[in-house]
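So the protein lines, in turn, are chains A and B.
Sequential numbering from 1 applies to the first sequence in the numbering used here.
Sequential numbering from 1001 applies to the second sequence in the numbering used here.
One thing to keep in mind: the hints can contain errors.
Unchecked claim - Simulated restraints on C-beta separations: (1) E1175(B) to H84(A): 35 to 45 Å; (2) E1066(B) to D93(A): 54 to 64 Å; (3) V65(A) to S1132(B): 51 to 61 Å; (4) N94(A) to E1175(B): 45 to 55 Å.
I should point out that these hints are in silico values taken from the structure, not numbers from a laboratory.
The structure displayed is predicted, hence computed values, not measured ones.
We put the CB at the ideal spot given by N, CA and C, even for glycine.
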Amino acid sequence: MSSAELDRQLAQLFALRSSKERAPSSLKARLYSALIHKQQQTGPLASLDASVEAGHGICIFEKLVQIAPVGEQAKTPFFCQVCHARVLAEHSDNPLIFWSHCPYVKFKES
Amino acid sequence: MAAKIPIQPGQAPEFVSDERRLVASVLGKDRKATAEFVDQCTDWMYPFLRRRLVARPDVMEDILQEILLAAWQALPTYRGDSSLQSWILGIARHKIDDYYRKRIREDVISEEEEDSAPEPAMAPNLEQQLDSAAQQEKVQQILSSLPETYALALIWRYRDEKSVREMAEVSGKTEKAMERLLARAREDFRRRWNDVER
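Generate the whole structure from the sequences, applying the supplied hints.
Encoded structure:
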């Protein structure tokens, strides 16, 4: 068998079929937390008001902060950092979390 | 930080407009848009990387994170002249090439070893009556059992269709050394392929 023929066979063998394989939700959860932390290194996140104005839903805990009579600055921290949903989602692909508009719940559902 | 991304001819306006909105919101550090961005990008990158890091699944998360952070940093330069998916996969391709280059460069081949390397054109008996899915599964299984540099060299050559010259240039090896690495990798692959069959 010629080297070219061997190359042809291997190329055929290694050719990829399209894959619709999705990433595990715990992986997405950890990557999301990492990217948010990276964003925070360059300044505060957009406030919850801005997210709502952009048409995004916010979770019940974020809602409590968003409607509180506090300044814009107080609405910029990454509240998920202290939420059990994040911890569970980062460690399990099917965490027992069900809050509406929680990004970690959405990773599980997507 | 607002992103100004022009719509290019041939792009569906709704699609582009959605991507423009998403990119602008991520640049504005909207946490919800960022979640959507991570969700989409990870699903695009995951199968791409899984097929290319079959020999080292343990490094996949680190590389995924590296790509995602690099994409976030480069996002202000995204002009929208290709889909966001192509753009992200372009970054992923570069990172994978970097990883392959580094690992293959580290693979020291002594002259003695080079001289005793097997010739590549051994009867490989690779064409067997396997359905496509079973064949893919077998290829992945064997790749994951090969020494890492062998698997990377084969994937780089046959999955990413790099020429031997390109591989040599990028990894800082001679073409001869790269040919020998490939010859050993092919031989090991062929042997395992036939062993699995028995």
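Comparing the hints with the structure gives:
no. : hint                           : in the structure
1   : E1175(B) to H84(A): 35 to 45 Å : 56 Å, violated
2   : E1066(B) to D93(A): 54 to 64 Å : 22 Å, violated
3   : V65(A) to S1132(B): 51 to 61 Å : 52 Å, holds
4   : N94(A) to E1175(B): 45 to 55 Å : 49 Å, holds
Violated hints for the displayed structure, listed by number in ascending order: 1, 2.
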